[in-house]
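Q: Residue numbers (my numbering): 1 to 363.
Hints in this document: simulated from the structure, not taken from any laboratory. Be aware that one or more of the hints could be misleading.
Said to hold, decoys possible - Computed beta-carbon distance windows for the label pairs:
(1) Lys106 with Val261: 53 to 61 Å
(2) Glu341 with Val261: 27 to 35 Å
(3) Asp240 with Lys99: 42 to 50 Å
(4) Glu330 with Ile262: 21 to 29 Å
(5) Lys313 with His107: 41 to 49 Å
(6) Thr145 with Lys206: 29 to 37 Å
(7) Lys176 with Tyr255: 19 to 27 Å
(8) Lys128 with Ile256: 31 to 39 Å
(9) Asp270 with Glu171: 42 to 50 Å
(10) Lys99 with Ile352: 25 to 33 Å
(11) Asp240 with Val69: 22 to 30 Å
(12) Ser194 with Pro40: 14 to 22 Å
(13) Glu171 with Val69: 25 to 33 Å
(14) Glu341 with Asp240: 24 to 32 Å
Stated by the list, open to error - Under the rule of at most 30 Å between Cα atoms (straight-line distance), these lysine-lysine pairs were calculated in the DSBU-like manner:
(15) Lys201 with Lys224
(16) Lys63 with Lys98
(17) Lys162 with Lys98
(18) Lys313 with Lys150
All residues carry an ideal CB built from backbone N, CA and C; glycine is no exception.
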Amino acid sequence: MIVVYLSPVNWDSIAQRPHFFADFMAGRDVEKVVWVDPLPSRFPKYSDIRTKIIGVESKSILKHDKIDVIRVGNVIPIEPLNILYKVINWLTIYGFIKKLKQIIGKHNTILVVGKPSVLSLEVIRHIKFNCIIADVMDDYPHFFTGSTRKSVSHLLNMLLSKANVSMFSSEGLLNKFGASAKETCLVRNACSESFYSNMRKIRDTKCNGIESGITYGYIGSVAKWFDWEFISTLAENRPDARIVIVGPLYVRPDYIPDNVVIRPAIDHKDVPQLMSTFTYGLIPFHTNELTESVDPVKYYEYVAAGIPVISTKFGEMRWRVESGLAVTLEQHLAGVEPLVERPIFWEDRFNILTEGYLGVKKF
1 MIVVYLSPVN WDSIAQRPHF FADFMAGRDV EKVVWVDPLP SRFPKYSDIR
51 TKIIGVESKS ILKHDKIDVI RVGNVIPIEP LNILYKVINW LTIYGFIKKL
101 KQIIGKHNTI LVVGKPSVLS LEVIRHIKFN CIIADVMDDY PHFFTGSTRK
151 SVSHLLNMLL SKANVSMFSS EGLLNKFGAS AKETCLVRNA CSESFYSNMR
201 KIRDTKCNGI ESGITYGYIG SVAKWFDWEF ISTLAENRPD ARIVIVGPLY
251 VRPDYIPDNV VIRPAIDHKD VPQLMSTFTY GLIPFHTNEL TESVDPVKYY
301 EYVAAGIPVI STKFGEMRWR VESGLAVTLE QHLAGVEPLV ERPIFWEDRF
351 NILTEGYLGV KKF
C-alpha cells in the first residue's frame with residue numbers, strides 16, 4: 001500500500017496536522033508515504049519576496065524513513081484563473097502526474113488531499129486510487145480574497161464531491177461543508193505521543209518543577225488572525241510577568257510592550273524545552289469567520305505540557321472555555337483558573353481511518 005498525500009504546507013515548515021498525519025501513516029503497514037509539497041493558490045504578493053529571502057519558518061518533525069518528499073515543479077502561479085492555469089502549466093502538471101504514476105506502479109494506493117487545488121483534481125482525473133480522502137482542516141476560502149477566494153471555494157466543492165470520504169478537523173467545518181461530501185467523519189486535532197513523552201522527561205528533570213516568575217507563552221504562526229490587542233491588555237495588567245511569542249512573524253504591531261519578547265520560529269524538537277518554561281499557554285486569535293472553524297493544535301500541546309490555557313472564544317475553543325478547560329483573558333485577570341484535561345494523541349484521532357477506510361494496520 002502506498003499513500004500519496006497532497007499537502008497544504010511544505011514539509012520544511014512549522015509542524016502541523018499534515019506532518020503528524022504523514023508520520024502516523026508511515027508507522028502503519030504501508031510501503032511508503034509520498035508527500036507532495038503544495039503549489040501556490042493565489043497570485044504572488046510583494047510580501048512573498050521577504051518570506052523567501054529572510055525565511056520565517058522552522059524545521060518540522062523528524063521525517064520518518066518511509067516518507068518521501070517530492071515537488072511538482074515550477075508553475076506560473078495564476079491558479080485563480082483555473083482554465084488558463086491548466087493550459088499554461090499543463091506540461092509541468094502532466095509531467096508530475098506521469099512521475100506519480102511511475103512511483104505508484106501497480107501498488108494499491110490511497111490519495112489524501114490536504115488542500116483543494118487544480119493539481120488535486122487533475123491527479124484524481126488521471127490516476128485510479130483505491131480510496132480518496134479529503135482532509136479539511138481549515139476554512140480554505142477565507143484565507144483569500146477576491147477571485148482567489150472564489151477559485152478555492154469552487155475547487156473545494158469539486159474535491160468534496162469526488163472524495164470517497166471527507167474528514168473535518170472541527171464541527172464548524174463539518175457543519176459548513178459536510179453536505180457537499182459523499183461521506184464524512186469528524187477527526188479533530190491532537191498531540192504526538194513523542195511530544196508528551198519529551199515533556200514528561202523535561203518536567204521530571206526540572207528542579208521541583210518550579211520556575212521563578214510568571215511566563216505567558218505562545219508558539220505558532222503570528223498572522224492576520226493573531227490578536228495583538230489581547231497581548232497588549234495582558235502586558236498592561238501583568239507588568240511583572242513575561243510574555244513570550246515564538247514563531248513565524250507575518251504581522252507585526254506598531255507597538256510592542258516592554259515585557260513582551262518576540263523570538264523567531266524554532267524547530268519542533270525544541271518546543272518541549274521552551275514550553276516547559278511557560279506558566280500559561282496563550283491562544284490569542286481573533287474571532288471571525290476564518291477562525292470559527294479552527295481546532296488549534298497548540299491547545300493539545302499545552303495540555304500535554306500540563307499548563308493551563310488562556311484563549312479567546314473562537315472555533316473549538318469556545319466550548320472548551322464554556323466547559324472550564326480554558327479561560328478567556330477577562331476570566332484570567334479576574335482570578336479564574338482552567339482545568340487541564342488529559343492529553344489526546346493523534347493515534348486516538350486517526351485510528352478511525354485505519355479501521356474504517358484505509359485497511360492498514362500498525363507496523
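Q: Each hint should be assessed against the structure and marked as holding or not.
A: Going down the list of hints, with the structure as the test:
1. For Lys106 and Val261, the hinted distance range of 53 to 61 Å is satisfied, since their beta carbons lie about 55 Å from each other.
2. Between Glu341 and Val261, the C-beta spacing of about 28 Å keeps the proposed range 27 to 35 Å intact.
3. Between Asp240 and Lys99 the CB atoms are about 58 Å apart, so this pair departs from the stated range of 42 to 50 Å.
4. Distance hint check: the CB atoms of Glu330 and Ile262 are about 24 Å apart, consistent with the given range 21 to 29 Å.
5. Between Lys313 and His107 the beta carbon distance is about 46 Å. The supplied range of 41 to 49 Å therefore holds.
6. Separated by about 46 Å at the C-beta atoms, Thr145 and Lys206 break the suggested range of 29 to 37 Å.
7. Range check, Lys176 to Tyr255: Cβ separation about 36 Å, and the 19 to 27 Å hint is violated.
8. For the pair Lys128 and Ile256, the supplied restraint of 31 to 39 Å is violated, since their beta-carbon distance comes to about 54 Å.
9. Take Asp270 and Glu171: their Cβ atoms lie about 33 Å apart, and the range 42 to 50 Å is violated.
10. Checking the proposed 25 to 33 Å range against Lys99 and Ile352 shows it holds: the Cβ atoms sit about 32 Å from each other.
11. Checked against the hint of 22 to 30 Å, the C-beta distance between Asp240 and Val69 comes to roughly 45 Å, which is inconsistent with it.
12. Separation of Ser194 from Pro40 is about 32 Å and departs from the stated range, judged on CB atoms against 14 to 22 Å.
13. Distance hint for Glu171 and Val69: a CB-CB separation of about 32 Å, consistent with the stated range 25 to 33 Å.
14. For the hinted restraint 24 to 32 Å between Glu341 and Asp240, the CB-CB distance of approximately 29 Å keeps it satisfied.
15. The straight-line distance between the Cα atoms of Lys201 and Lys224 is roughly 35 Å, outside the 30 Å bound, and the hint therefore fails.
16. Note on Lys63 and Lys98: the hinted pairing holds, with a Cα-Cα distance of about 25 Å set against a maximum of 30 Å.
17. Straight-line distance between C-alpha atoms of Lys162 and Lys98 comes to about 21 Å, which keeps the hinted pair within the 30 Å bound.
18. Taking the CA atoms of Lys313 and Lys150, the gap is near 28 Å; set against the 30 Å cutoff, the hint holds.
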